[in-house]
Amino acid sequence: MTRRAERSLPASSAVAHAAPRAPAATATAAGKSEIETVVRQVVASLRGDLNATDLSLYDELEGLARFIQSARSEIAALRPDEIRHKHLPSATDELDAIVVHTAEATGAILDAAEQIEAATATLPAENGRAIQERVTRIYEACNFQDITGQRITKIVKTLKQIENKVEALVAAFGDEVARERARGKESAVPAATPSDADLLNGPQLPTTANSQADIDALFDKL
Amino acid sequence: MSVDLKMPVLIVDDYKTMLRIVHNLLKQIGFENVEEATDGGAALQKLRDRNFGLVISDWNMEPMTGLQLLKEVRSDIKLKGVPFIMITAESKTENVVAAKAAGVNNYIVKPFNAATLKQKLVTVLGDF
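Here the protein sequences come in this chain order: A and B. In terms of numbering that gives the first Met the number 0, the first sequence is numbered consecutively and its last residue is 221. In terms of numbering that gives the first Met the number 0, the second sequence is numbered consecutively and its last residue is 127.
If you're looking for bench data, these hints aren't it; they were derived computationally from the structure. The reader is advised that the hints may include incorrect statements.
Only some residues are given here: those of chain A computed to face chain B with a beta carbon under 7 Å [unchecked claim]:
1. T105
2. T135
3. Y138
4. C141
5. N142
6. D145
7. I146
8. Q149
Label pairs and their calculated CB-CB ranges [said to hold, decoys possible]:
9. E81(A) to E31(B): 52 to 62 Å
10. E93(B) to L158(A): 19 to 29 Å
11. K91(B) to R178(A): 46 to 56 Å
Calculated Cβ distances over 10 Å to all of chain A for the following chain B residues [unchecked claim]:
12. V2
13. L4
14. K5
15. P7
16. K15
17. Q27
18. A41
19. N50
20. S74
21. I76
22. T92
23. N104
24. D126
Ideal Cβ placement from N, Cα and C applies to all residues, glycine included.
Chain A on its own, in the form it takes in the complex:
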């Protein structure tokens, strides 16, 4: 088949004929930009006897291929794998910890309120009523824990959806993301002394936090 005849075929046929895929490329193509692959293959199929229109089209396609490659590199540089594996799970854990801590605090407040309410039985009626009214306000205020929990659950669900989208992104840009990860490891030189910003991490999660006893032991060692 001549080049001319080849170019008169539908694009998919030309592509299939022009550039048989290597096994490695085939394996990753499903997760990569099909558009970029097609553009490259069409460009490859156009090499040969080109007229001015062909050359113009060739330039446009090459520009498009460069643009797609640049966009892929930029997205990979954002390290979507880190967002998925580090930032999102961390945010979810922090939110779960908020729910646990507010539930514990609310439980403690209710314990105290119930004990106060029980004690009103020993007081003169007027004083007992006045205190009971305040206890009722405490019960009402403790509604917040349920509402807070439900709102946080909604946020966690949203984060989960974002995580799924990022996962799809990581799958599509697998090679570039892996290269960026390797580059990040190479350039990550630990600072001799952590900066002020490095030291501001907020409250630690119960599973990873040092206890007061841990801190005391560490403090005594230093």
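For this one, chain A is given, so just place chain B on it according to the hints.
The following block gives chain B in isolation, referenced to the frame of chain A:
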């Protein structure tokens, strides 16, 4: 007709804190016989085991939602007449419409206060 404050009342919520709050408020109002369930399935079992005079249920529960519990109650020949109040953070119009269509007797939006709870109890059960 005054309300029998000795009648069993079932409160259903998967948040133990809310069960405790509603339980305490009902006790303050004067109800002496309050039982709790943490999900719709357990609530249905309790309702079938004993005659309750009132159900107060959350909506947002798993696996059975408060709305599903309400529909189960209304479709059960022995339970369909039990007064049912929904206490929920779901405040959209479509929620209220769906609950009403399913046969709820009243609807309380969280966060709520003791006065609102008492007012709805009076609306559903009568003065006490």
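For each hint, the structure was consulted:
1. Checking T105(A) against chain B by beta carbon gives a least distance of about 5 Å; that is within 7 Å, so the hint holds.
2. Proximity of T135(A) to chain B holds as hinted, the smallest CB-CB distance being about 5 Å (cut-off 7 Å).
3. Residue-level restraint check for Y138(A) holds (minimum Cβ-Cβ distance to chain B is 5 Å; threshold 7 Å).
4. With 7 Å as the threshold, the beta carbon of C141(A) comes within range of chain B, its nearest partner Cβ sitting at about 6 Å, so the hint holds.
5. Because the smallest distance between the Cβ of N142(A) and any Cβ of chain B comes to about 4 Å, under 7 Å, the interface hint for this residue holds.
6. A cut of 7 Å between beta carbons decides the hint on D145(A): the least distance to chain B is about 5 Å, and the hint holds.
7. For I146(A), the suggested interface contact is upheld, since its CB lies about 6 Å from the closest CB of chain B, less than 7 Å.
8. Interface restraint check for Q149(A): the shortest CB-CB distance to chain B comes to about 5 Å, inside 7 Å, so the restraint holds.
9. Between E81(A) and E31(B) the CB atoms are about 58 Å apart, so this pair conforms to the stated range of 52 to 62 Å.
10. One distance hint, 19 to 29 Å for the beta-carbon pair E93(B) and L158(A), holds here, with the actual separation near 26 Å.
11. Separated by about 47 Å at the C-beta atoms, K91(B) and R178(A) satisfy the suggested range of 46 to 56 Å.
12. Every CB of chain A is more than 10 Å from the CB of V2(B) (nearest about 19 Å), matching its label as outside the interface.
13. The Cβ of L4(B) lies farther than 10 Å from every Cβ of chain A, with a closest approach of about 17 Å, so its non-interface assignment holds.
14. Under the 10 Å C-beta cut-off, the non-interface status given to K5(B) relative to chain A holds; the minimum distance is some 20 Å.
15. No beta-carbon of chain A comes within 10 Å of the beta-carbon of P7(B); the shortest separation is about 21 Å.
16. Not every C-beta of chain A lies more than 10 Å from that of K15(B), the closest at about 8 Å, which undercuts listing it as non-interface.
17. Listed as outside the interface, Q27(B) is inconsistent with that label: its C-beta sits roughly 6 Å from the nearest C-beta of chain A, within the 10 Å cut-off.
18. At the 10 Å boundary, the C-beta of A41(B) stays outside the reach of chain A, the nearest C-beta of that chain being 19 Å off.
19. The beta carbon of N50(B) sits about 28 Å from the closest Cβ of chain A, which is more than 10 Å, so the claim that it is off the interface holds.
20. The claim that S74(B) lies off the interface holds: its Cβ sits roughly 27 Å from the closest Cβ of chain A, which is beyond the 10 Å cut-off.
21. For I76(B), the shortest C-beta to C-beta distance to chain A comes to about 33 Å, beyond the 10 Å cut-off, and the non-interface label holds.
22. The beta carbon of T92(B) sits about 19 Å from the closest Cβ of chain A, which is more than 10 Å, so the claim that it is off the interface holds.
23. At roughly 21 Å from the closest C-beta of chain A, the C-beta of N104(B) stays outside 10 Å, upholding its exclusion from the interface.
24. Against chain A, the non-interface label of D126(B) holds: every CB pair exceeds 10 Å, the least being about 20 Å.
Against the hints set out earlier in the document, violations occur for numbers 16, 17.
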